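Number of protein chains: 2
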Amino acid sequence: MARRARSRRDTGAAAIAAPPSPFIRRSLPFFDVLDEETVVKLEGQVDWILQEVGIEFRDDPDALRIWREAGADVSDCRVKAPADWVRSLCAKAPKEFTQIARNPERSVTIGGRNQVFAPIYGAPFVRDLEHGRRYGDLDALEKLVKLAYMHPNLHHTGLVIVEPCDIPVSHRHLDMLYLHMSRSDKPHLGAITEMSRAEDSVAMAEILHGREVMDKHCVIMGNVNTNSPLLVDKVVTQAIRVYCGRGQGIIVVPFILSGAMGPVSTAASVTQAMAEAMICCAFAQLVRPGAPFVLGNFLSSMSLKSGAPTFGMPEPVISNYAIGQMARRAGLPLRCGGSLTASKIEDAQAAYESADSMHSTMLAGSNYTLHAAGWLEGGLCTGFEKLVMDADRLGSYQKVLDHGLVVDDESLARDAYGEVVPGGHFLGCGHTMRNYTEAFYEPKLSDSENVESWEDGGSKDMRVRAFERWNAMLEQYEQPELDVATDEALREFVARRKREIPEAWY
Amino acid sequence: MARRARSRRDTGAAAIAAPPSPFIRRSLPFFDVLDEETVVKLEGQVDWILQEVGIEFRDDPDALRIWREAGADVSDCRVKAPADWVRSLCAKAPKEFTQIARNPERSVTIGGRNQVFAPIYGAPFVRDLEHGRRYGDLDALEKLVKLAYMHPNLHHTGLVIVEPCDIPVSHRHLDMLYLHMSRSDKPHLGAITEMSRAEDSVAMAEILHGREVMDKHCVIMGNVNTNSPLLVDKVVTQAIRVYCGRGQGIIVVPFILSGAMGPVSTAASVTQAMAEAMICCAFAQLVRPGAPFVLGNFLSSMSLKSGAPTFGMPEPVISNYAIGQMARRAGLPLRCGGSLTASKIEDAQAAYESADSMHSTMLAGSNYTLHAAGWLEGGLCTGFEKLVMDADRLGSYQKVLDHGLVVDDESLARDAYGEVVPGGHFLGCGHTMRNYTEAFYEPKLSDSENVESWEDGGSKDMRVRAFERWNAMLEQYEQPELDVATDEALREFVARRKREIPEAWY
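As given, the protein sequences belong to chains A and B, one line each in that order.
Under our numbering, the letters of the first sequence match residues 8 to 513, in that order.
Under our numbering, the letters of the second sequence match residues 8 to 513, in that order.
Hints listed in this document are in silico derivations from the structure and should not be mistaken for laboratory results.
Predicted model, so just to flag it, every value in this text is computed and none were measured.
Fair warning: there could be bad hints in the mix.
As the list claims (entries may be wrong) - Mimicking PhoX-like on lysine-lysine, the simulated pairs with C-alpha atoms at most 25 Å apart in a straight line are: (1) B:Lys312 / B:Lys451; (2) B:Lys241 / B:Lys312; (3) A:Lys312 / B:Lys467; (4) A:Lys467 / B:Lys467; (5) A:Lys223 / A:Lys99; (6) A:Lys99 / A:Lys87; (7) A:Lys451 / A:Lys467; (8) A:Lys451 / B:Lys451; (9) B:Lys48 / A:Lys467; (10) A:Lys223 / A:Lys87; (11) B:Lys87 / B:Lys48; (12) A:Lys312 / B:Lys223.
Claimed, not checked - Reference excerpt, derived from the structure (chain A facing chain B, CB under 10 Å, subset only): (13) Leu41; (14) Tyr128; (15) Gly129; (16) Leu238; (17) Val242; (18) Met309; (19) Gly314; (20) Met320; (21) Ser403; (22) Leu419; (23) Ser455; (24) Glu456; (25) Ser466; (26) Phe474.
Just so it is clear, CB atoms sit at the ideal spot from N, CA and C, and this is done for glycine as well.
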């Protein structure tokens with residue numbers, strides 16, 4: 008069952024960029040929270056939404072044409088489709104697939120028993136202990152890309168770790184992609200906000216990886232939200248057409264604040280998310296059978312006081328467990344959860360909420376987890392300290408998932424009981440000497456010393472230690488090598504497209 | 008499957024003392040992390056320890072006499088016993104039992120699908136935002152007992168929420184018990200440190216509950232640690248003889264810091280804990296067949312830098328899941344985990360570690376959880392803020408466990424989809440209006456407002472809000488009624504015993 012690991016230890020500058028493994032190969036069993044009768048009832052509701060309620064596809068006549076040609080019931084822009092047909096289309100999507108990184112050692116496999124952690128996506132604001140809260144800019148994004156690249160517990164760098172608000176909206180995707188492609192060699196995402204930006208992303212990926220690799224492999228993915236409830240706009244369908252049309256991956260995520268974009272019920276919101284994502288998966292398979300697809304779920308609860316979204320609460324926790332089981336039954340790779348919180352700063356609230364959210368995310372088997380590190384303020388703000396704090400905890404989750412409970416002759420340690428008498432101690436015994444260096448996860452940011460040592464060191468709380476760590480990491484940053492001609496071609500592409508695309512700030 | 012709850016909402020002063028329910032009746036399935044082959048291998052190791060290695064019972068000739076008379080292999084003080092026999096003795100312990108509270112509405116059922124949360128136990132120091140870190144005293148303990156009584160998410164008040172260090176050690180148990188009996192009407196524990204103190208605890212419980220109730224029911228329990236590895240001293244055997252001899256409950260907990268009190272391996276430490284606790288359970292059943300017994304496990308990992316214990320790490324997380332499964336197979340109620348951390352203050356480290364520790368504790372099915380709230384500094388310090396912060400999160404866990412995912416016609420909300428158009432919102436629809444007040448857990452200490460509101464409110468972090476909350480709670484405290492004659496009898500008992508027992512400070 009569980010594997011015994013002999014991973015390299017993260018001990019210094021060189022090791023910072025070396026992950027314990029490029030993604031998680033889970034040995035821990037999955038946790039099924041729903042009995043058969045219940046899950047069948049939920050699937051029945053998914054089918055009912057697909058068949059009887061239908062989902063609207065707006066603003067993209069090509070999408071409606073594709074649906075009509077495939078034989079769906081399309082009335083105005085509402086698509087109703089037999090659930091069996093939708094499920095048979097979804098079955099064409101790979102249960103797991105590999106996203107190739109430009110450094111092959113960093114390629115990740117998404118789906119099945121594999122799990123991948125990526126940083127926060129999409130925040131307009133950024134915060135750190137020295138400069139406080141401010142709009143994100145390209146400088147902040149560059150630092151965050153470097154940190155995501157260097158951090159051993161992040162497998163993937165996402166894309167919009169923060170919005171570079173100092174760059175025109177119409178040019179941002181070019182600068183963002185170039186940062187991910189040049190400052191890191193981990194896999195990342197492409198842009199989706201307009202069809203041309205998705206096309207630029209795919210074009211830059213082709214420059215980076217070469218046409219031949221791209222023809223055969225997934226090298227880039229887009230991540231896109233439906234307009235819940237039950238609405239899929241052209242941002243989604245065009246992104247699917249661009250990415251999947253080129254054999255690349257797409258992640259479609261209904262964001263449902265229960266009571267607003269879905270019924271005020273976790274069960275209903277989960278079924279709605281399944282229906283919205285599955286109809287998009289079916290659409291992707293119509294565009295290109297076998298296109299890599301990740302089924303997303305992003306469910307939040309609500310404060311009764313103000314209607315503000317809340318995170319890390321029991322409703323999204325249970326929705327993570329439930330959606331994990333439903334996605335496994337559907338045979339689709341899953342994105343859900345993350346280290347989510349409504350807290351404005353890196354206080355205990357942020358950590359409690361993030362940990363409960365992420366503990367359930369990882370146990371639920373989320374195959375690709377955006378927002379695994381750095382999220383503050385309901386996703387409006389990226390925290391530099393929060394990024395390395397969350398990521399420090401991700402190493403613990405990776406050990407739980409990778410290793411489970413290792414049970415073999417060595418771990419049962421019978422020889423130790425021949426050496427140690429009752430009431431004695433195992434500190435120096437042979438088994439301990441053979442195993443202690445690999446026995447425990449070594450967090451970087453937890454202080455476990457006694458109170459006197461901690462006070463002597465300045466009574467630093469975790470935020471301060473995190474601030475010191477990310478600054479130290481950046482000082483040790485070394486840019487991964489990139490072929491000079493490729494780099495030149497990427498720069499030329501960016502420069503040319505910036506000349507072609509008018510500057511727009513919204 | 009999951010139950011639909013219509014619990015009373017905690018809305019004000021009066022409601023503060025009213026828990027959503029006096030204990031958790033779990034509808035969520037259990038999470039089994041071990042396959043059959045692995046769990047059989049672990050049980051084989053437990054049997055090997057019991058039969059071949061043996062466990063020493065020291066300093067209590069009566070305990071050795073009981074073992075010899077029962078037919079165990081006793082050599083010097085090492086007891087070896089056929090595993091089948093130990094398991095058949097353990098089978099005499101109830102799978103679940105009820106501890107009667109003096110207010111019957113607060114009685115708790117321990118074992119099976121039931122889970123009970125209690126505060127930290129045994130810290131010599133106490134900390135709060137106003138007074139900082141200091142030795143515990145009777146005044147602090149009184150406040151903490153009141154808070155544990157008032158908090159809706161704590162089901163049980165434990166005993167030594169902090170050590171009252173201003174009271175002679177030899178008299179402390181009397182004052183502690185009187186506080187729990189008079190300031191609260193929730194169930195609590197008794198003392199164990201010396202045989203006479205256990206006897207005093209049982210005698211006071213008899214005054215409080217009456218002989219007749221006590222003859223028929225568990226009204227008090229002791230919580231005691233083995234001297235791992237493989238050593239059971241007289242504190243344990245005498246506590247078992249006193250509590251179980253009177254038909255009361257006992258919790259026996261091997262505290263194993265892997266690499267010191269057990270091999271540097273989670274698998275071996277879990278089997279050692281099982282063996283140590285099961286031999287004590289067998290002993291308890293020899294003392295009195297059917298005596299309520301809780302099998303404990305308290306496993307910590309270690310910092311490689313200093314050898315200091317660490318908490319909330321992957322090794323204790325996985326041990327919680329594994330021990331939960333093994334305890335269910337053994338048919339014994341379980342105590343494990345808690346909201347544990349090595350942090351000195353209520354920062355993000357404390358919250359991350361506590362949440363991961365407690366999330367795994369609750370999912371593991373720990374039936375009785377000491378240290379569910381208030382723990383800091385590896386258990387050396389009780390935090391007033393930490394107590395209410397942790398307890399706020401316990402309400403979320405209770406909802407996850409009690410409710411699971413509620414799936415029925417109302418929660419599937421099909422009528423809502425008749426009202427809401429694609430791209431619309433569910434805010435005012437009938438289903439939302441019928442359900443929103445009960446839809447979401449309402450934490451007291453999470454701030455989910457936007458950054459402007461939060462800043463307008465003074466940018467208070469969770470510690471500050473927690474400080475304000477526990478002070479507000481104490482202002483609203485009302486002592487639960489206690490029969491005057493009973494109160495008088497308890498006071499007389501305490502006064503008499505203080506005259507009889509010489510003051511001792513160690």
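Now for the hints, and whether the structure bears them out:
1. B:Lys312 / B:Lys451: Violated, at about 38 Å.
2. B:Lys241 / B:Lys312: violated, 35 Å
3. A:Lys312 / B:Lys467: holds, 18 Å
4. A:Lys467 / B:Lys467: holds, 19 Å
5. A:Lys223 / A:Lys99: holds, 17 Å
6. A:Lys99 / A:Lys87: holds, 19 Å
7. A:Lys451 / A:Lys467: Distance ~14 Å between A:Lys451 and A:Lys467 Cα, so the pair holds.
8. A:Lys451 / B:Lys451: violated, 31 Å
9. B:Lys48 / A:Lys467: Cα-Cα ~44 Å, so violated.
10. A:Lys223 / A:Lys87: violated, 33 Å
11. B:Lys87 / B:Lys48: holds, 20 Å
12. A:Lys312 / B:Lys223: Roughly 47 Å separates the two Cα atoms, so the pair is violated.
13. Leu41: holds, 6 Å
14. Tyr128: violated, 19 Å
15. Gly129: violated, 16 Å
16. Leu238: holds, 4 Å
17. Val242: violated, 13 Å
18. Met309: holds, 6 Å
19. Gly314: Where the cut-off is 10 Å and the nearest Cβ of chain B is about 8 Å from A:Gly314, the hint holds.
20. Met320: Cβ of A:Met320 sits 5 Å from chain B, so the hint holds.
21. Ser403: This interface hint holds because 4 Å falls under the 10 Å limit.
22. Leu419: This interface hint holds because 5 Å falls under the 10 Å limit.
23. Ser455: Nearest chain B Cβ about 4 Å off; hint holds.
24. Glu456: Holds. Min distance 6 Å.
25. Ser466: holds, 8 Å
26. Phe474: For A:Phe474, the interface hint is violated, since the closest Cβ of chain B sits about 12 Å away, which is over 10 Å.
Of the numbered hints listed earlier, those contradicted by the structure are 1, 2, 8, 9, 10, 12, 14, 15, 17, 26.
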